[in-house]
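Enquirer: Listed here are the chains, written in short residue letters.
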Amino acid sequence: MEYLANAGMLIGIYIILAASYNLIIGYGGLNTIAHPIFFALGAYTAALLGIGTTLPSVVCVLAGIGVAVVASVALAVTTLRIEGDYLLIASLGFQLGLLQLVNNFEFTGGPSGLSNIPVTITGPGRGWLYLLICAVLVVVVVWLIWRAMAGPFGRAVRAMRDDELACAALGRSLITMKIVIFAFGCGAAGLAGGLYAYYFQYISPEQFNVAQSATILTMVVLGGIGTTWGPLIGAFVLVALPQAITFMQLPSSLVGPLQGIIFTVLVILFLFVRPHGLVGRREAGVAH
Amino acid sequence: MTDPVILLQILWTGIAMSSYFVLFTVAFALTLKVEKLWNFAQAGLMGIAFYTMFYTLNAVHWPPWLGVGAAVVLTAAVSIAVEVWAIAVLRRRHSSGLIFFIFTLIFSQLVAFVLTLMFGTEPETIFPSVMSPVRIVGGVAMSDWDLQALGVTVVLLAVLYWLIRHTRDGQFMLAVADNDKLAEIYGISAKRAYLLSGIIAAVLICAGVYLYGTRAGVTPDVPIGLVLTAVIATLVGGLGRIFSAAIAAVGLALLQSFSILFIPAKWQALLLYFVLFFALVLFPRGIPVWRIRRAKPLAPIAVAQAGD
Amino acid sequence: MSEILRLENLCKQFGGIVVADDISLTLSAGEILGLIGPNGAGKTSLFNLVSGVVQPDSGRIFLQGQPLEGPLHRRARAGVVRTWQHMRLFRSMTVLENMLVATREYPGESMLRSMFATASVRRAEAEARGRAMDLLARMGLTQAADSIVVDLPFGQQKLIGLARALMNDGRCLLLDEPMAGVEGSNYETMQRIVRDEAAAGRAVCVVEHNVSFIKDLCTHAVFMAQGKILQRGSVDELTRSRELTELYFGTVEDHADA
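Protein chains in written order, with this note's numbering: chain A, 14 to 301; chain B, -13 to 294; chain C, 165 to 422.
The set of hints was computed from the structure by calculation and includes no laboratory data.
Every residue, glycine too, gets a C-beta built ideally from N, C-alpha and C.
Careful: at least some of the hints might be erroneous.
Okay, the calculated bits of chain A under chain B, using three or more residues with CB under 8 Å as the criterion [what the hints assert, rightly or not]:
#1 34 to 48
#2 102 to 109
#3 227 to 235
#4 257 to 269
#5 281 to 287
Below, in silico cross-link-like pairs of lysine to aspartate or glutamate (DMTMM-like), each with a Cα-Cα straight-line distance of 25 Å or less [as the list claims (entries may be wrong)]:
#6 K392/C with E361/C
#7 K191/A with E289/C
#8 K191/A with D176/A
#9 K22/B with D130/B
#10 K22/B with E177/A
#11 K191/A with E269/C
#12 K252/B with E119/A
#13 K191/A with E96/A
#14 K252/B with E177/A
#15 K22/B with E96/A
#16 K392/C with E261/C
#17 K191/A with E410/C
#18 K191/A with D185/C
#19 K392/C with E233/C
Listed below are several chain A residues computed to face chain B (Cβ distance under 7 Å; list not exhaustive) [unchecked claim]:
#20 N19
#21 A89
#22 I95
#23 D98
#24 Y99
#25 Q113
#26 N117
#27 T121
#28 G273
#29 I274
Let the hints inform the model, and build the full structure from the sequences given.
Expert: Here is the structure:
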C-alpha cells in the first residue's frame, strides 16, 4: 500500500525534523526559525550528488548531513553575539536569502526544483523497505537526543537555561554547548532532507519556505516544547490530521491552504490554551 | 558611462517606488518603538488590506474612497483584535520573545492560507490596469502613480509627525515607548497607546498596500516578504527612530533600484537579505544609536549598586 | 606560604565611576582575607574582575604565578571559583544536580559522550557524586540531595551555593556575602567549612558586611572605598581605626560593641 508507506515516511521524516528542532529551541533555547534550510541543504546536496555523480546513495545522504552541519556551525559562529529577537530575524533572513539563491541558480533547478533524483530501491517492497530504514533512523535520532539530554550534557544545558552567567562561572563553555546542539539538530534535519529527496524523488524551493518553518514549529508547540515525546506526538498528529482531509475529495488547490489553516489555527489555539503542549506539564521553569 | 538621464530616471522611479516601502517601514518601526514588539502580524494585515481593496474595487466595483475606507476599517479592526485578544494576553504572561514571534508569524501565515483559499494564488492588482498617464519632465518619465505615491507618503508622514509632536496622544505614545511602567504611574494608559499605534499602523499599511497593489501583482505570500524588508529598514535606521527608519527605507529602495546597473534583476531581492545579515552581524545588539541615548542615565546607578 | 592569587595595579571604570583604582593584592594558601567597605566601594567589582565577568582597563592578574585571563569559564577551569550575592542557584534542578554541574573536569558533558555513555563517563559521574555527597555530609545536608534547590530554606540554599563552589576544587575561592541572612547552626557550619577549606590549602577572599563574621573568620582584612584599598592589616587593626569607622558610617563601631 503505497499510500501508507508515503504517510509513514512523512511521519518519520517529520519526527526527525520536529525532534531536532525541539532540541534546538526547546532544550537549547536558541532562537531560530530557519530549520527548513538545513532540511533543504541535506535534500539538495543528496539530490545533486545523486543526479550528478555515481556515488552510492548512502554517501550522498551523509554528504547532505555534512553540508548541513558545516553550514550550521558557520551560521552559529557568525551569529554568536546576536541576541534573542534579532537572532530570530537573522535566521528568517538567512532562510529566505538562501531560498532566493536556490531559486536563482540553474544547477539547483530553480523554482521548479529537481525531479530526476535517481531511484535507489525498486520493486514492490520499495515502500516497506524505505519505511524500515526510516524507522531505524528515527529511533536512532530520538534515542540519541534523549540520551544526550538525560545525561550530564543535558544537565549542563539545563543549568545554562537556568542561569547562563552562573553556569559559565562554574567552567562551562556556553558557546560550545550551543554550537554542539545546533550542529546536531541541523545535521539531523539534513538527514531528514536526504531521506526525503530519495524517497519522494522531487524537491523544490517552496517545500522549504516559511510555511514549512510554521509546520515544524506547530508540531513542536503542539507536542510540547522541551519534552521528549512532544515532537513525536506533534509530528504524528499533524501528518495524520491533514491526511484525513485528503479523504474528503476536495480539489487539490484547496487541500494545501486548508491543511495550512488547520496547522496555524492549532498552533494559535495551543499557544493560548495549552502552551505546554499535549505532553508537557505546566512547570514554573519552562519558558512559555 | 551611463546616460545621466537614465540615472535620473532610476533615481526618480526609485524614490517613487520607495513610497510604499517607507509606509510599511514606518508602520513596523512605530509598533516596535511603542510596543517593543516585532509585529510580523502586519504581514497578515497587509494581506487583509489588499484583498479587501481588491474585492471591493476590482470585483464589485465600489467607488475608490469606499473601498479604501472599508479596507482601513477592517484592517484597523483586525489590528485592534489582535492586540486585545492575543498580544495583551501574551504580555500579561510575560511570554518570551520566541512566543511573540511564533504567534505573529503564524497569524500572518493563517491569514495567507485563508486568503489563498478565498482568492487563489494568481497575482492580482487592485485595479484592472496598472498603467497610469505619464508625462516627460526633462527627459524623465513621471507617471501619475509616481506623483500620487510621493504625495500620499509625504502627507501621511507629515500627519504622523504632527500627531506625535503636537497632540497629547502622540506624546503619550512616546512616553509609553520610553518606559511603559513609568508612564502608567503617571496615569498614561499604555493600552490606549498600543491601540493608537495599532490603528496608525493599519492606516499606513493600507496606504502602502494601495500604492503597491496599484502597481504590481500581489499573491497571498507577498506580504511576508514586504514585512521583512520593513524589518531590514527598521534595523538599519536605528531602533526607536521612526523617521530615520523611513530614510533608511528610501536608501535601501534606491540601493535596490541602482543595483540594476550592476546585477541582473533576479538577484536584487537577495541584496536586501545580505544587508540584513550584515547589519545584524556587525551590530549584534541592534544599531547602537538607540542604545546610546538610553545608556547614560542608567549606567552609573546600576553599577554603583552592583559594585559593592 | 605559596602565593595563589596576585592582583597588580588593576584599574576599571564604567562611564565616570571608578570601581577599581590601582588595586594590588596578594592572596596566599591558607589565608582568609576579608574585604570590607561601604556600598559602592568596588568589592563585588573586584570579584567580577578576578572571575572574568568584566575585563580590567589595565593591570594584571596571576593565579599561582600564571597570568589569569580569558572568559569566565576558562578561569573557573583554572581553579578560580566564586559565589554570588544573589546565589544564582539553578532553579529547576535538585541540590545534587546543582553540584554535579559544578565540577571542574566534566568528561561526561560532551554531547557525544553523553549519548554513548562509556564506562569512563559512568565512573566520572560516580566519582563526582561521591564528592558531592561528602560535601553535603560535612554540612549535614545529605537528606536534601534530591530536593529541588529552591524548595529549601534560605540558609540551606546559601550553604548549597558554597558547596557548589567547592565542587570546583579550585585553589582560589571568592565568596560574595556568603553569610547575609544566615544564622544559627547554618552560620556555624559555614564558618567551619570555610576554615577547613583554607586549612586544606585554598586561598579564600570574603566580601561581607557582617563584621563579626569577618572578625571570627578572617586572618586579615582589607578596607576598600571608592575603588581604592585604603588600608590593610588584621581585622582588629581595621576595626579599631577611627577614620575607617567614620567612613563606614559607624556600622563597624556598632558591631564591635555587639
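Enquirer: Taking 25 Å as the top limit, are the C-alpha atoms of K22/B and E96/A close enough?
Expert: Distance ~15 Å between K22/B and E96/A Cα, so the pair holds.
Enquirer: Between K191/A and D176/A, is the straight-line Cα distance small enough, at 25 Å or below?
Expert: holds (14 Å)
Enquirer: Can you tell me if the stretch 34 to 48 of chain A counts as covered by chain B, using C-beta to C-beta distances under 8 Å and a minimum of three residues?
Expert: holds (count 3)
Enquirer: K22/B and D130/B were given as a pair; does the straight-line alpha-carbon distance stay at or below 25 Å?
Expert: At roughly 37 Å apart (the allowed maximum being 25 Å), D130/B and K22/B break the hint.
Enquirer: Min Cβ distance, N19/A to chain B: is it shorter than 7 Å?
Expert: Since chain B brings no Cβ nearer than about 23 Å to N19/A, farther than 7 Å, the hint is violated.
Enquirer: Does K392/C pair with E233/C here, judged by a C-alpha cut-off of 25 Å?
Expert: Given pair K392/C, E233/C holds - Cα atoms ~22 Å apart, limit 25 Å.
Enquirer: Against chain B, run the beta carbon of Y99/A and see if the smallest gap drops under 7 Å.
Expert: holds (6 Å)
Enquirer: Would the hint linking K252/B and E119/A be met if the CA-CA limit is 25 Å?
Expert: holds (12 Å)
Enquirer: Is the Cα-Cα distance between K22/B and E177/A 25 Å or less?
Expert: holds (24 Å)
Enquirer: Hint check: K191/A vs E269/C, CA-CA at most 25 Å. Holds or violated?
Expert: holds (19 Å)
Enquirer: Given G273/A was flagged as interface, is its beta-carbon under 7 Å from a beta-carbon of chain B?
Expert: holds (4 Å)
Enquirer: Regarding the hint that I274/A lies at the interface with chain B, is the smallest CB-CB distance below 7 Å?
Expert: Where the cut-off is 7 Å and the nearest Cβ of chain B is about 5 Å from I274/A, the hint holds.
Violated hints, listed in ascending order, are 6, 9, 14, 16, 17, 18, 20, 21 and 27; each of the other numbered hints is respected by the structure.
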